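*Asks:* As a plain string of letters, each chain reads:
2 protein chains.
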Amino acid sequence: MSLQIIPVRISKDIVPGDDLIELLLETRTGRGLKEGDILVFTQKIISKQEGRKVNLSKIKPTLLATGIANAFAKDPRIIQLILDETKRIIRMKNGIIISETHHGLVCANAGIDESNIESGFATLLPKDADTSAQKLRRRIKTRTGKNVAVIISDTFGRPFREGQTDTAIGVSGISSIIDYVGKRDNFNRILRVTAIAIADELCSASELVRGKTLRTPIAIIRNYQFDKKNSTSKVLLRAKSLDLFR
Amino acid sequence: MSLQIIPVRISKDIVPGDDLIELLLETRTGRGLKEGDILVFTQKIISKQEGRKVNLSKIKPTLLATGIANAFAKDPRIIQLILDETKRIIRMKNGIIISETHHGLVCANAGIDESNIESGFATLLPKDADTSAQKLRRRIKTRTGKNVAVIISDTFGRPFREGQTDTAIGVSGISSIIDYVGKRDNFNRILRVTAIAIADELCSASELVRGKTLRTPIAIIRNYQFDKKNSTSKVLLRAKSLDLFR
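Sequences listed follow chains A and B, in order. Quick note: the first sequence, position 245, residue 245 per this note's numbering, numbers continuous. Quick note: the second sequence, position 47, residue 47 per this note's numbering, numbers continuous.
One thing to keep in mind: the hints can contain errors.
Calculated pairs, BS3-like style, for lysine-lysine (alpha carbon to alpha carbon, straight line, at most 27 Å) [claimed, not checked]:
{"no.": "1", "chain 1": "A", "residue 1": "K93", "chain 2": "B", "residue 2": "K87"}
{"no.": "2", "chain 1": "B", "residue 1": "K228", "chain 2": "A", "residue 2": "K74"}
{"no.": "3", "chain 1": "B", "residue 1": "K34", "chain 2": "B", "residue 2": "K228"}
Computed far set for chain B versus chain A, every beta-carbon distance over 10 Å [unchecked claim]:
{"no.": "4", "residue": "V15"}
{"no.": "5", "residue": "L56"}
{"no.": "6", "residue": "T144"}
{"no.": "7", "residue": "A205"}
By construction, these hints were calculated from the structure, which means they are not laboratory data. The model shown is predicted, which means the values in this text are computed figures rather than measured ones. All C-beta atoms, glycine included, are put in the ideal place defined by N, C-alpha and C.
Assemble the whole structure, with the sequences as input and the hints as a guide.
*Replies:* Dropping the structure here:
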């Protein structure tokens with residue numbers, strides 16, 4: 001059976017307190033939601049709905065932030081926000097800051113983003129995107145009676161390769177990884193190392209119908225069979241002790 | 001319009017000289033191929049079709065390969081193959097070898113793989129997967145009159161995150177990256193840094209219908225609008241000089 005990836009257009013600019021599920025269910029695609037669908041939400045609308053938007057005029061950069069900003073020709077207030085959201089700086093070079101956030105995500109600028117928001121503001125990542133995903137999933141169950149999975153997706157760069165891809169930062173109702181270890185291949189040989197990060201692949205798939213300049217903050221993925229056990233995005237985070245690049 | 005991802009099952013074990021396009025067109029899904037479809041082929045069937053399969057009993061490991069194999073508790077013949085395919089070792093630790101291949105790909109074991117092949121053999125990556133993709137695309141045009149794009153996909157790990165995802169190693173008939181630099185967002189602000197590696201995202205999407213133990217070496221992606229300019233996988237390879245992790 002073929003997999004379907006369906007864009008959901010929502011033109012409203014999201015503000016704190018908006019009910020994302022009501023907005024979803026006002027759309028024709030949203031009303032067509034089916035049992036077992038996977039909904040992928042962009043980080044941006046979750047951050048906006050949760051009030052994770054910062055007025056830069058209220059940020060007072062420290063001397064450290066000002067120093068880095070000066071060396072990197074960046075806004076010291078943005079650097080201050082990055083430092084606030086960072087557990088550990090992984091790389092800082094060529095005007096790029098790669099940090100490990102308090103959540104354990106490794107990404108540029110600790111996920112601070114000034115795109116798709118009015119001038120003078122920036123968005124932070126959701127505080128706990130697994131919980132955000134869980135709330136949305138439960139709200140869908142309450143409103144429609146349907147069991148779905150919810151993933152929250154953000155666009156990250158990566159080492160070695162040009163271009164960014166979408167990645168899961170919050171997961172609920174679906175196992176993030178399929179582990180093939182111990183399973184047998186077509187030649188009856190034990191597969192030893194393959195574990196697939198399907199939550200990340202689902203986010204990348206959803207990005208394809210979204211684009212960056214369209215108002216398509218949600219995608220519905222249909223006809224994907226998935227496991228519901230231990231749903232969390234945390235299993236996608238490699239521990240520093242196991243990482244060859246930290 | 002919703003994106004469709006359609007699995008193509010081919011149960012034959014591919015050998016050198018097999019006509020992959022004939023095998024595709026023998027399937028019902030293959031016969032339904034449409035103008036503008038994107039076909040994603042797994043690296044494994046391309047390597048097999050191109051004879052990139054090595055009989056391990058014919059490999060004579062050097063002292064270096066034997067030494068590494070001894071330290072890592074691995075087969076010295078596999079280590080020898082990895083060294084032969086490697087331009088530069090990026091990391092060698094915890095029994096894991098991350099190398100930059102002669103193609104410029106950064107991946108574990110230089111892409112040498114013993115899964116889904118009979119015991120005593122291993123597959124190497126295609127010599128030039130862009131050319132492999134181009135040949136398949138042209139053959140489809142000749143046989144069906146249809147213009148499609150072809151991507152060759154492999155399953156790679158990545159730093160910072162657990163689980164593997166599918167990644168493009170060969171591309172023909174589609175631009176690998178969509179560059180949004182200079183475009184405007186919904187607030188009329190110039191998007192400064194976003195370039196999306198859609199070829200990688202298409203591979204990840206195709207992996208979702210494939211699984212690792214099923215005989216589904218091809219996926220068809222339908223209803224994706226794409227640009228055809230400068231189609232190559234090379235633009236996905238970050239230059240070492242720009243890479244913060246090499």
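*Asks:* Each hint should be assessed against the structure and marked as holding or not.
*Replies:* Hints versus structure:
Restraint check: the Cα-Cα separation between K93 of chain A and K87 of chain B comes to about 25 Å, which is no more than 27 Å; the hinted pair holds. Pair hint K228 of chain B plus K74 of chain A does not hold up; C-alpha atoms about 35 Å apart against a cutoff of 27 Å. Taking the CA atoms of K34 of chain B and K228 of chain B, the gap is near 16 Å; set against the 27 Å cutoff, the hint holds. Against the 10 Å criterion, V15 of chain B stays outside the reach of chain A, whose nearest CB is about 14 Å from its own CB.
Every C-beta of chain A lies more than 10 Å from that of L56 of chain B, the closest at about 13 Å, which supports listing it as non-interface. Residue placement check: T144 of chain B keeps its beta carbon more than 10 Å from all beta carbons of chain A (closest about 19 Å). Against the 10 Å criterion, A205 of chain B falls within the reach of chain A, whose nearest CB is about 4 Å from its own CB.
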